[in-house]
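Q: Which chain is which? The protein sequence lines are V and B, in order.
210 is the number that UniProt numbering gives to position 210 of the first sequence; each next residue is one higher, with no gaps.
471 is the number that UniProt numbering gives to position 471 of the second sequence; each next residue is one higher, with no gaps.
Some clues are possibly wrong.
[Said to hold, decoys possible] When the alpha-carbon atoms are kept at most 27 Å apart in a straight line, the in silico DSSO-like pairs for lysine-lysine are as follows: (1) B:Lys-409 x V:Lys-209; (2) B:Lys-353 x V:Lys-328; (3) V:Lys-328 x V:Lys-139; (4) B:Lys-353 x V:Lys-87; (5) V:Lys-82 x B:Lys-353; (6) B:Lys-167 x V:Lys-157; (7) V:Lys-336 x B:Lys-344; (8) V:Lys-336 x B:Lys-407; (9) V:Lys-87 x B:Lys-368; (10) V:Lys-336 x V:Lys-82; (11) B:Lys-350 x V:Lys-328; (12) B:Lys-368 x V:Lys-99; (13) B:Lys-365 x V:Lys-251; (14) B:Lys-383 x V:Lys-183; (15) V:Lys-298 x V:Lys-247; (16) B:Lys-409 x V:Lys-251; (17) B:Lys-281 x V:Lys-209; (18) V:Lys-254 x B:Lys-407; (19) V:Lys-298 x V:Lys-140; (20) B:Lys-409 x V:Lys-254; (21) V:Lys-251 x B:Lys-353; (22) B:Lys-368 x V:Lys-328; (23) B:Lys-281 x B:Lys-463; (24) V:Lys-183 x B:Lys-407; (25) V:Lys-209 x B:Lys-407; (26) B:Lys-426 x V:Lys-294; (27) B:Lys-281 x V:Lys-214; (28) V:Lys-214 x B:Lys-69; (29) V:Lys-254 x B:Lys-426; (30) V:Lys-209 x B:Lys-383; (31) V:Lys-214 x B:Lys-223; (32) V:Lys-78 x V:Lys-36; (33) B:Lys-223 x V:Lys-99; (34) B:Lys-383 x B:Lys-407; (35) V:Lys-214 x B:Lys-344; (36) V:Lys-87 x B:Lys-426; (37) B:Lys-426 x V:Lys-336.
[Claimed, not checked] Quick look at which bits of chain B chain V covers, simulated, 3 or more residues with Cβ under 8 Å: (38) 356 to 364; (39) 379 to 387.
In case anyone wonders, no lab produced these hints; they're calculated from the structure.
Beta carbons are placed, not taken as given, at the ideal position from N, Cα and C, and that holds for glycine.
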Amino acid sequence: MPGIEENMEAAYDPNSLPSLLPIYYKYIFPYGPFCKWLFYGTTAGSESLFEKREFSFTLQNDIYVRYQSFATQAEFGKELKKMNPCKIDIGAIYSAPPKHRNRVSGGAFKPLTKELVFDIDMTDYDDVRKCCQGADICKKCWTLMSIAIKIINRALKDDFGFKNILWVYSGRRGVHCWVCDEKARALSPHARSSIVEYLSLIQAGNHEKRVSLKDPVHPYIRNCHQVIRSYWDQYAIEDQGFLEEDKDIAKVLKLIPDLDVREKVEKHFAGKNSAERWKKLKEICSAAYESDPKRNRKLRYVSHEIMMEFCFPRLDVNVTKGVNHLLKSPFCVHPKTGRVCVPIDVSKVDEFDPFSVPTISELCIEVERSEMPPEESETQDKETPDAETPSASKKLLSLFRKTSLQNYMKPFDSLLEQLQNDVPAKNLIAQSDLKGDF
Amino acid sequence: MQFGGTPQRRRNRRQMLNVELNNDAYPHGLMMYNEPPNMNITLQEFETYAFERVQVLHFLDSLSVSAVKNSTAYNEKLTEFLRKNYPGFLLSTATGREVSDAELEWRRKDHISHFILRLAYCRSEELRRWFLDKELDLFKFRFLHESQSSIQQFLKLNNLSYEPISKEERTRYAAALSTSSYDMSEANVENSLFYRVPFVDVLNLVTSRRVFLFQGDAFVPQKEFLSIISTRYREHLSKALVMTSRALPQLDEDDRLLPILKSFNQTAVTSAYDPKRNEGKVSITDLEELSKLSYPLCMRQTHVALKETHHLRHWGRMQYGLFLKAIGVTLEDSLKFWRQEMGKGIGIDKFDKQYSYNIRHNYGKEGKRTNYTPYSCMTIITKNPPSAQDHHGCPFKHTSSDLLRQKLKTYKAPSDSIDEIINLVKAQHFQIACGKYFAATHKMEESSFQVTHPNHYFDESQKILKGEKPTGRGRGGAKQENEFNPTWAEPIHHKTQVNQDLDESEIERMMVEYSEA
């Protein structure tokens, strides 16, 4: 298998992007589901949530165009086909269509709502992964993303009560999360940063030890520990060999707060492998804690703290906090890798392999091989979310369903389905808002 | 300044102004300030009331830097101050007895002064934020001094009724509840009351993970009940402030009140620093030298990191770049300096393409053309904490004490002051620690000013090195606890500077909420 993967990746050449993008936007980009998502059950018109949404395009030569907005799916599709952006960012829903922002008076143009988003980037883990650095990833460190997705997803659902959560591969070295519940979209920046803080544990700054657990350990942290523990032996001991070399050992030993215990552990490390060393470390620390729980209370959670230090999700606060912060759109193509930002199925997160995500060049070949549509006119542009136009245009639009992109559409399709079912809940929220307002 | 005269005279004046003051108007000492006062007051009262309340708020502001909120020290100092300056805020509401005239008078004063200050502090988001924070501190302090029965009465009066969760529910979540806050064993859970509220009502508890969350609801223990109330109070007040700011233009024609109101602005906020005041004063060839003499530690460490690694990540470039602008490095020099340093790392081409925009942006030459103000200590301490690869932030807050000690040694701070600094850091007094560092490196006993802004630090240092007399207090937003003089005789400056320090979008969102309501 690895051989094939490498071949496939080699098949994408960044220089070919300008010639591939027109094909991608013409035949492959899933306009229907994409726009259905961002319409959120509204229709074109003054109530439309789509029309007031900011899109930003990055064009060839790093030209950046902000505040784009579109009234209909047709308009959106037409623009993409014309501009062929190498990157699409999604921003907030504003008080007025962003392209008309100059028509409204001074302060009236404001960001109102946006999905609650999270950005997890592998570069933030550079100090704890040995296999790769910077923009590089491999299957070994990708486990960190699986851990992060599991932890954050569970907390968003069980702790915060959100239901419509979309996870997306960022195309290169990370993942994005879009929480689409109406309640989530309406959160204030303050609430958003509170949520990030709740979810984050690693202390900021240049501290040697960045996780310290104290009693009582919050249920969220307990849950996180369970998730990390299920991956720990395979990930840290087998894949990373985190107690293999001397400099690794020095780093871990620094996390033991008691100097005597630290020395003792170090002595016992000689001539052992990672697994035995880890076992010994846990034994010695817990023995020291048991011997005098009052004096050695700092030693109680040493092994937990080490696990957290190495595996705990690292979130970018600023991406989440600002309502008007832009985030790369799902189904965008990453210009460096050519991979499409595909949805990730959380229930199968461990099976997700970033290296088998289809690249734009593969998709274009697949489209070429499949039967070419009869006409290449602008017929598909008439398509709006409500209008049912059968025949050619419909066929054209669903071409992505015939490519390997379809294999990744399931989480997105079920999100759309769920969102549809959630619409009646709107009235309830409105009521509770009224009650709380005074 | 004296308040009003004897009770007898006050009562006369009330009659004169035809004001009914009775228990119905002020049923409780604490209030949510729902209704604006609807009575006549004299200009003299207007100014006196506002001034006395401002003094209290300023005291709270300085106290928040020097003592941990709600610690014993904090409460003692605040009580002592109030006893001397504003005993009305120390009164707790007694239930079940007649309210004295004096008490009612204090309530009226509380009511009026709050609304006057709303007018004074609604003018910019920065002022609103400051006012909101201080009023909230005051409210919390007073709330905690009320008795259980009086609190119940307050809640009832303001329609803030919350029902505790049932015993069954408590038992069901007992394990989670007991691990969600301090001193809460499972046995304790059995005997405590919990309130189930949407998590957005207790964001401070969510932030610090001091509450159990389930399906979007927070289970708030009785002792954290204040969090719920203060969130409500905060929301209410921030909406009200935005409304007031919209109504304010109507006041523009009133030449009696406006000068008084405006005089409060200039003395309110400590973070504002005019980015233009030093323009062109510093040449980039001097930066190396200056970094050793006059830079605060936070800037020195970013400078050193930039020189060594030829790179700074985003917030490092922001923090240091804006600082450089405000000490007087021109845009041209700034571009030269950054290109020279970063170019060594990433190459001149990449710099010109990807980074020079941001520097021009900082100087207001790109994008929305805002001339950004340099970050204040509060911003550096509380916003954008550095990760492992970063060098920005406040070294007193964001560096472990061992590392900090080492750093101070390399920078040749005297060893006895190092100990003192480390102790201050451990007690969370980051700005005081910085002041100590200033004193130690400038061979002074005590620092001559309160450190609230890196650029202010720099200016003070330069003054001392050039042999000028230090000013003794902060600029622009100087703390003037003891000699507060409304400067309404002076011409009014419409400050053009825009402070981008604060999170605008929150206020913006609230404005929208209001307009939708």
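Q: Give a verdict on every hint.
A: Consistency of the hints with the structure:
no.	hint	in the structure
1	B:Lys-409 x V:Lys-209	22 Å, holds
2	B:Lys-353 x V:Lys-328	21 Å, holds
3	V:Lys-328 x V:Lys-139	23 Å, holds
4	B:Lys-353 x V:Lys-87	18 Å, holds
5	V:Lys-82 x B:Lys-353	25 Å, holds
6	B:Lys-167 x V:Lys-157	25 Å, holds
7	V:Lys-336 x B:Lys-344	25 Å, holds
8	V:Lys-336 x B:Lys-407	40 Å, violated
9	V:Lys-87 x B:Lys-368	23 Å, holds
10	V:Lys-336 x V:Lys-82	22 Å, holds
11	B:Lys-350 x V:Lys-328	22 Å, holds
12	B:Lys-368 x V:Lys-99	16 Å, holds
13	B:Lys-365 x V:Lys-251	45 Å, violated
14	B:Lys-383 x V:Lys-183	26 Å, holds
15	V:Lys-298 x V:Lys-247	24 Å, holds
16	B:Lys-409 x V:Lys-251	24 Å, holds
17	B:Lys-281 x V:Lys-209	42 Å, violated
18	V:Lys-254 x B:Lys-407	19 Å, holds
19	V:Lys-298 x V:Lys-140	31 Å, violated
20	B:Lys-409 x V:Lys-254	22 Å, holds
21	V:Lys-251 x B:Lys-353	38 Å, violated
22	B:Lys-368 x V:Lys-328	22 Å, holds
23	B:Lys-281 x B:Lys-463	14 Å, holds
24	V:Lys-183 x B:Lys-407	47 Å, violated
25	V:Lys-209 x B:Lys-407	18 Å, holds
26	B:Lys-426 x V:Lys-294	22 Å, holds
27	B:Lys-281 x V:Lys-214	50 Å, violated
28	V:Lys-214 x B:Lys-69	22 Å, holds
29	V:Lys-254 x B:Lys-426	20 Å, holds
30	V:Lys-209 x B:Lys-383	21 Å, holds
31	V:Lys-214 x B:Lys-223	20 Å, holds
32	V:Lys-78 x V:Lys-36	16 Å, holds
33	B:Lys-223 x V:Lys-99	50 Å, violated
34	B:Lys-383 x B:Lys-407	23 Å, holds
35	V:Lys-214 x B:Lys-344	45 Å, violated
36	V:Lys-87 x B:Lys-426	46 Å, violated
37	B:Lys-426 x V:Lys-336	46 Å, violated
38	356 to 364	violated (count 0)
39	379 to 387	holds (count 4)
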